[in-house]
Every structure is written in C-alpha cells, then in structure tokens.
Amino acid sequence: MAMRARQKIRAPRRGLNTNKTDDFETNWEGLSTSLKKIHTKDASNLSFEQLYRNAYNIVLMMRGDELYERVKKLEQEWLDTEVQKRVTAAISSILLQAKDQAEIQDQENERRDTGEKFLNVLREAWEDHQISMGMITDVLMYMDRVVSADHKKPSIYVASMALFRDFVLRSAVRADAESMVADVLKSTVLFMIQLERSGQMINRPLIRHCIYMLEGLYETITEEESSKLYLTMFEPAFIETSKVFYRAEGRRLLETGDAATFCKAASDRIAEEGARCLSTLSPLSEPKIKDVLDKELIGSNIAEVINLEGTGVKNMLDNDRMDVLRNVYVLSARVDSKKTPLTAAVQKRIVEMGDEINKSAAAAAQAQPTKPAEKTAEGGKKPAEKPVNQQTVSAIKWVDDVLGLKTKFDKIWEESFRSDPTMQSAITTSFSEFINSNTRSSEYLSLFFDENLKKGIKGKTETEVDALLDNGITLLRYVKDKDLFEAYYKKHLSRRLLMKRSVSMDAERQMISKMKMEVGNQFTQRLESMFKDMTVSEDLTASYKEHIRGAGDPDQKPVDLEINVLTSTMWPMEAMSSIKGDEVQLPCIFPKEIDNLRQSFEQFYLSKHNGRKLSWQASMGTADIRATFHRSNGKVQRHELNVSTYAMVILLLFNDVPQGESLTYEEIQARTRIPDHDLIRNLQSLAVAPKTRVLKKDPMSKDVKPTDRFVFNNDFQSPFMKVRIGVVSGSANKVENQDQRKETEKRMNDERGASIEAAVVRIMKQRKTLVHSKLMSEVLSQLSARFVPDVNMIKRRIESLIDREYLERVGEDPPTYGYVA
Numbered sequence: 001m002a003m004r005a006r007q008k009i010r011a012p013r014r015g016l017n018t019n020k021t022d023d024f025e026t027n028w029e030g031l032s033t034s035l036k037k038i039h040t041k042d043a044s045n046l047s048f049e050q051l052y053r054n055a056y057n058i059v060l061m062m063r064g065d066e067l068y069e070r071v072k073k074l075e076q077e078w079l080d081t082e083v084q085k086r087v088t089a090a091i092s093s094i095l096l097q098a099k100d101q102a103e104i105q106d107q108e109n110e111r112r113d114t115g116e117k118f119l120n121v122l123r124e125a126w127e128d129h130q131i132s133m134g135m136i137t138d139v140l141m142y143m144d145r146v147v148s149a150d151h152k153k154p155s156i157y158v159a160s161m162a163l164f165r166d167f168v169l170r171s172a173v174r175a176d177a178e179s180m181v182a183d184v185l186k187s188t189v190l191f192m193i194q195l196e197r198s199g200q201m202i203n204r205p206l207i208r209h210c211i212y213m214l215e216g217l218y219e220t221i222t223e224e225e226s227s228k229l230y231l232t233m234f235e236p237a238f239i240e241t242s243k244v245f246y247r248a249e250g251r252r253l254l255e256t257g258d259a260a261t262f263c264k265a266a267s268d269r270i271a272e273e274g275a276r277c278l279s280t281l282s283p284l285s286e287p288k289i290k291d292v293l294d295k296e297l298i299g300s301n302i303a304e305v306i307n308l309e310g311t312g313v314k315n316m317l318d319n320d321r322m323d324v325l326r327n328v329y330v331l332s333a334r335v336d337s338k339k340t341p342l343t344a345a346v347q348k349r350i351v352e353m354g355d356e357i358n359k360s361a362a363a364a365a366q367a368q369p370t371k372p373a374e375k376t377a378e379g380g381k382k383p384a385e386k387p388v389n390q391q392t393v394s395a396i397k398w399v400d401d402v403l404g405l406k407t408k409f410d411k412i413w414e415e416s417f418r419s420d421p422t423m424q425s426a427i428t429t430s431f432s433e434f435i436n437s438n439t440r441s442s443e444y445l446s447l448f449f450d451e452n453l454k455k456g457i458k459g460k461t462e463t464e465v466d467a468l469l470d471n472g473i474t475l476l477r478y479v480k481d482k483d484l485f486e487a488y489y490k491k492h493l494s495r496r497l498l499m500k501r502s503v504s505m506d507a508e509r510q511m512i513s514k515m516k517m518e519v520g521n522q523f524t525q526r527l528e529s530m531f532k533d534m535t536v537s538e539d540l541t542a543s544y545k546e547h548i549r550g551a552g553d554p555d556q557k558p559v560d561l562e563i564n565v566l567t568s569t570m571w572p573m574e575a576m577s578s579i580k581g582d583e584v585q586l587p588c589i590f591p592k593e594i595d596n597l598r599q600s601f602e603q604f605y606l607s608k609h610n611g612r613k614l615s616w617q618a619s620m621g622t623a624d625i626r627a628t629f630h631r632s633n634g635k636v637q638r639h640e641l642n643v644s645t646y647a648m649v650i651l652l653l654f655n656d657v658p659q660g661e662s663l664t665y666e667e668i669q670a671r672t673r674i675p676d677h678d679l680i681r682n683l684q685s686l687a688v689a690p691k692t693r694v695l696k697k698d699p700m701s702k703d704v705k706p707t708d709r710f711v712f713n714n715d716f717q718s719p720f721m722k723v724r725i726g727v728v729s730g731s732a733n734k735v736e737n738q739d740q741r742k743e744t745e746k747r748m749n750d751e752r753g754a755s756i757e758a759a760v761v762r763i764m765k766q767r768k769t770l771v772h773s774k775l776m777s778e779v780l781s782q783l784s785a786r787f788v789p790d791v792n793m794i795k796r797r798i799e800s801l802i803d804r805e806y807l808e809r810v811g812e813d814p815p816t817y818g819y820v821a
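Residues in the sequence shown are numbered from 1 upward in steps of one, following UniProt numbering.
These are computed hints drawn from the structure, not numbers from a lab.
Just to be clear, a hint being listed does not mean it is correct.
BS3-like cross-link-like pairs, simulated, lysine-lysine; straight-line CA separation at most 25 Å [as the list claims (entries may be wrong)]:
#: 1; residue 1: K411; residue 2: K314
#: 2; residue 1: K153; residue 2: K72
#: 3; residue 1: K397; residue 2: K696
#: 4; residue 1: K734; residue 2: K765
#: 5; residue 1: K696; residue 2: K722
#: 6; residue 1: K314; residue 2: K288
Quick list of simulated restraints, FRET-style, between CB atoms [as the list claims (entries may be wrong)]:
#: 7; residue 1: H547; residue 2: R671; range: 50 to 60 Å
#: 8; residue 1: S529; residue 2: A364; range: 12 to 22 Å
#: 9; residue 1: P236; residue 2: T407; range: 34 to 44 Å
#: 10; residue 1: S179; residue 2: D318; range: 55 to 65 Å
#: 11; residue 1: A821; residue 2: D595; range: 43 to 53 Å
#: 12; residue 1: A821; residue 2: A364; range: 20 to 30 Å
#: 13; residue 1: T769; residue 2: A364; range: 32 to 42 Å
#: 14; residue 1: D790; residue 2: D739; range: 50 to 60 Å
Please read all numbers here as calculations on a predicted model, not as lab measurements.
Just so you know, even glycine gets a beta-carbon here, dropped at the ideal spot from N, CA and C.
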C-alpha cells in the first residue's frame, strides 16, 4: 500500500496574529483553494505553515466542526466531479459485458488490454487520493486533534477514504447502467485470475495494488478487520467463481482418464493458488481457497481418481510409481485424515496380490514335477524332482514371495506414504488377512526357518543371518494361530537338534530370543527346554562314557553311544512318531549287542534319577555302522553307513543270515516290531533308492509288499567311503499330507480346548461370578495372542466345566456363572 506523504508542520510562531476577529470565510477561502491545488498536484508554491495557521485559527474560533464538514464536502465534490469521471471514462463497454459473461474468446485480448488500462487509472486515482489526503491531514492536524477526538468523529483521513469508497467505487458507471465501478473492478480482477489459471501471463503487481486498495477500505467508519472491502465485496465472488472453476476442472481432469495427470495437476493448482494469495491477492484468502481446492477439486474426485481403471492406485502399486503414490497420499491426507479411499484401495490390492501368492503356492504344490529324469555324464539317470520336495520348495517360495511383497510395501509406506501410522495399520491388516487365509501359513513359515537354519544361512554374515531371521519374525507377527506355528516349529526344531542338522546353534538360540521378544516367554518356554535337554544330554553322555571306562567290562564291544534324554512333555513326541490315532506301538526289538548297551545305560541313568522312566524312541535316532561287502569278484569293500536307528536294526539282522539267503518283509517285521509305516520307508531307502541299495529286493519294484524278500547286496558300490542313507519320504521337514494335517488339527483342537478351560478357570477363580458375555470377552482377550478361539468351542468348554462342577450357573437373565471352590 502506498504510504501517504507527511510534511513537517511547525506550530505558529509567537507573535502571529491569531485574533478572533479574523474572518472565518477569509481563512476558509485560502484554505480550500490550497486543498484543491494539493489534489491537482500544484502545491509546490504553497506555504504549509500558513495553511496550518488558517486551520488553527478556524478551530480557535470554535468553528472546528464547520471546518470538518466543509473539508468533507470539498473532498466529496472533488471525487464526484473529477476522480469518478476519470475512472468511469476508462471503463469500456466490453468490461461491462464481462460482468455477465464468463468468457468471450474472440474478445479476450481486448478485454485484457482495456481491463489493464482501467485498473491502472483506478490505481492512480487511489494512490493520488492517498497522497493528497496525507498532506491535507497534516495541514488539519490541529482540527483532527480537537474536533475528531473531542466529538468522537473519524479523522479527516478516514472520512475521506470512506468518501472514495462511496463516490468512486460505488458510483454508477453510466447514468443508465446498474453496474458500479466496484463491480467492474471485481469482474476485471476475476477475469485476470481466470486468464492466469488458463496459463496466460497477467500483470500481478497491478492487481496487487488494486487489492491493496480494497484491503485499505472498510464498510464501517470504525474500520473493523472483518469489514474490509476485500472481504465483503471481492473475496465472496472470488471464492464462488473458484468453486465453479475447480468443480469443472476436476471433471475435465477426470475425463483424461489418467490418475497421475490428475494428481500432478491438483498439486500444481494447490501451489499456484497459495502463491497467488501471497503475491497477487491477499493472504487472508489462502485458507478459504484451500478449502475450495480440498472440497471441489480433491474431495469430490479423489475416490474416483484412486480407483481409475488402468491408471489408479492399483496400477501405481503394481509398477512402484512412488512419486505418483506420494501425490495421491498427500491429496488424500488433505481431505480425509483417515485416507479412507486410499487405504481401501491399498488393502484391496495387497489382499489380491497375497491371494495370487497363495494360489500360486497351492498350484505349485499340486503340480507334477516339470523335469523328468535326465541322463548324467556317467550315463546314469538323474532322478526327477520328487513331488514331496516340490511341495516343500513351493512352501518356502511362498514365504519368500510374501517377504518380497512386504519389502515392496515397506518401501512404498516409507517413501510414498511418509511412514503414516494409518497407512501402516491398513497394510498390516491386509497382510494379516491374506496370510491367515492360507491355512498352511504357519507350517510354511516354520519350513522356511527350518530350511534356512539347516543350510540357508551357511556362508552368510552375522548381519545377513540376523536380517533373515527378522524377516521371518515379521511374518510371524501377522500369523494369528501362533500355537499352530509353535507346534510345527517344535517338530522341525526337534528334527534339527536330534539329527544334528543345524548349521549354527548360535543362530538357533538367536531365533528363540527373537521369538521370545515378539510373542513372549510362554511361547518359547518349551523350545528353551528342548535346548536344555540337549545340553544336559551331552553331559549325561560324557558321564556314561566315563562310567563305562571305569567299569572296564572286557565283554563290552566298542560301541560309541550318544544319548539324548528328552522331557516328554516338552518335545513333540506325537508329531515325531509314525504311529497315528489309537494305534498301539510295541517297543522295537533291538539286536542283542544294542539291547545290552541300552540296558547298561538305563541302569546307569536310573541309578542317578530314581523314580524316572525311560521310553526308548527308536524312530528318532541315527546310527553309524561299518559294513563289509564281499563282492562276487573276490574283492572286499568297506563303507561307513549313516542310517536311521530302524535301518540299523534291519541291517544287523543280516549278520545272522547266511550269505545269499533272504528275509521276507513279514520276517523282518516280526523280528524287529518296527511299525509298518516306518519299516516300509526304511526298506525303500535300503533296497529301492538307486544310490543306496545295500539290500536287494525281490521282486524289484518301488512298492514294498508283505511277500517281498530282501537279501544283503554284497555288490553294493559307492565312490564314497561314508554313505548317508536317508529315509524315503520322511515328513518331519516336509509339507504335511491331508491325513497328517488332520492329525495336527486334532492335536491342536485338544490343546486349545485345554487352554480355553484353563483360561476360564483362571478368570472365574479371580472374579468368582461373571456374566456370560464378559466371560467370553475376557477369554478371547487372554487367548488371542496365541490363537483365535472358536466361540462355539468356548461355549462347549464352559458346559464341560459346569458338568465337572468347576463352574455353576447362578443366573439366567443374563446368563451368569459362578466359580465352585
């Protein structure tokens, strides 16, 4: 805003004639003539000291009020006869048309030119009026001090500004026209803004000066902030036309069918409007135009933009368009703190991508091997990929794919969604949904850990191992049925520990520590007990060996025994056993020398732990045996065979069988009492597997039947001194088949039932009485960290506790239970 010029006025010198006999009219005549010269910029020869004295004298005559009114009248006449005519003369007919027409394309340039001329004339008139009134105010300083202050009138400067408002801005453009100068000003500025919004250049400083004028004029003489003409006359029209413009702009951008284009344009518009308010219009309008943009351009269209086919958020997520996603996020956050359309679209796409991973894993597990047997360089055949291995590979791939998806969305969350907690919650919910929709997610995750802890971490640095385990723990966080994961993890861990398959025991313990931090001490208590058993067993084995050396038994054959004594309640005995359902497992019949060793250790152990009972689990052990093969060509070949305990029992039978004679399947079963399932698998490993046929089978086939005969194969050959003979189709570290899955589910339901009953009893013991709904709620709350309890199962368990008199019914409406002490 142009500052009014101030002249330095000195008070009248002593001795000047201030006598009341001075004529009022004489003083006024000289004063009024000089005021007009100030307006006509002819004040260079004026004596402002004399002018001040004239005004001073009039006030001393007690004619100050009259002077005040005469000055106002003079200013009114000047504005009405001189300024108003000059301003209205600059208004062409096209500017009057613009009041009612949004845009006349073929007259746009003319409107721009005449509009700028009009604005320039109005700006000059305003600035001239300000400067002139600044000088006049200095001349009338004494009058303002006496009249304005004592009679509570506005200063002459303020009064003259109101006159400019009324006799210039609010004057009619033509005698026969309804439009006022203010209307033309408003429509012209709005037209200029429209031009700039369409990409054209405008005279911003000129418009800013006109806006300064509106900010410096008020509706009321008391000049309250809210009564600025800018706020009362211009801004409402500016906001309304902006609403219309951005409503149309939103539809126009949507018609392009490109979400990225919409978001870029919307972001640019936000920046443009903010800059316009600061540099061209007024900062007072910035929050209001922001609301217009948020409602008309963004809020009305963002949901449709997000879901645009082919270019919406789905496409952005699929193609990692981080910058565009960031724009979408910023726009969404402006209009909705919950980002509802965006979170819905992100969640939907995550679940879709997760379902694709689930379907791919299921299809891969069911598909037949794609690679048939291939010939090797030696002329033999490389076996085709086994379906059971293929299922395990697909399970591990499922975890890798989910981790890949998680990495993708973690990056999007950090870079595009600015680590927004709302978006993180949406992503977490979606991952949890599709992960738990896969009924085998717990098993697959455990297999992932199993595979990596057996060989996947080999050669990796400590940092890489830590990152790999952390990734797995991240997925565990999403799994709702953590008790099911625990069951599989215990099963796979037991296999690694007993078969010594772990690459690093430090990594195993690190994994337990991470799980404890994630899901609590109760979850890892049994796992830690398994490690404790292994440590105690090492000490026990060393003590037994020392005991044997001290006994000095001359008949003791040099058998190196390593014992693992396991706490039955801490190890997954049922899961590790091949006996299913209600089958009865008879103890295995060991060869005499092995049985003597077993009895020797049992006596040693029970002598130290009176009252305990040892149950030998032959299905879980391994043995290293030395085998001598007398070939038909007279040569003797020796090998060290690493086999399962059952395979050792089978092979040692042939020490008592004359060379060339055979044993039937039924004879082997009768002499060993090995369960059929385990016996078949071990015989397949010893007699069917191409590289480990230390027995011959007659007739030769993949299947083992009760009538099949087996003979020791003296012609067995292997390029290796040490030969490992694995058990065919072992399922301990493979994906379960349907029957095994049913067995696992049955065990889990039994365990969950017991957990539910324990939770109910704990709650009721503390609360004594509780209504049914609150009891259900507390049980669900207590158990949700381990699994999602089935409501019907909880009800059945409550009924069972009532039948067994742990609880009683103490009310019917609502149903209420009491604890029976």
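Status of each hint after checking the structure:
Using a Cα cut-off of 25 Å, the hinted pair K411 and K314 holds, with the two alpha carbons roughly 16 Å apart. With a CA separation close to 12 Å, the supplied pair K153 and K72 stays within the 25 Å bound. A C-alpha spacing of about 38 Å is found between K397 and K696, which places the hinted pair above 25 Å, so the restraint is violated. Between K734 and K765, the direct Cα distance comes to roughly 43 Å. Violation of the 25 Å bound is thereby established for this hinted pair.
Distance check on the hinted pair: K696 and K722 sit about 20 Å apart at the alpha-carbon level, within 25 Å; holds. As the CA atoms of K314 and K288 are separated by approximately 33 Å, the hinted pair breaks the 25 Å bound. Distance hint for H547 and R671: a CB-CB separation of about 31 Å, inconsistent with the stated range 50 to 60 Å. At roughly 36 Å, the beta-carbon separation of S529 and A364 lies outside the given 12 to 22 Å, and the hint is violated.
Checked against the hint of 34 to 44 Å, the C-beta distance between P236 and T407 comes to roughly 52 Å, which is inconsistent with it. For S179 and D318, the hinted distance range of 55 to 65 Å is satisfied, since their beta carbons lie about 56 Å from each other. For A821 and D595, the hinted distance range of 43 to 53 Å is satisfied, since their beta carbons lie about 52 Å from each other. Taken as a hint, the range 20 to 30 Å is violated for the pair A821 and A364, whose Cβ atoms sit roughly 56 Å apart.
Range check, T769 to A364: Cβ separation about 54 Å, and the 32 to 42 Å hint is violated. Evaluation of the 50 to 60 Å hint for D790 and D739 yields a failure: the beta carbon distance comes to about 22 Å.
The structure fails hints 3, 4, 6, 7, 8, 9, 12, 13, 14 (numbered hints given earlier, in ascending order).
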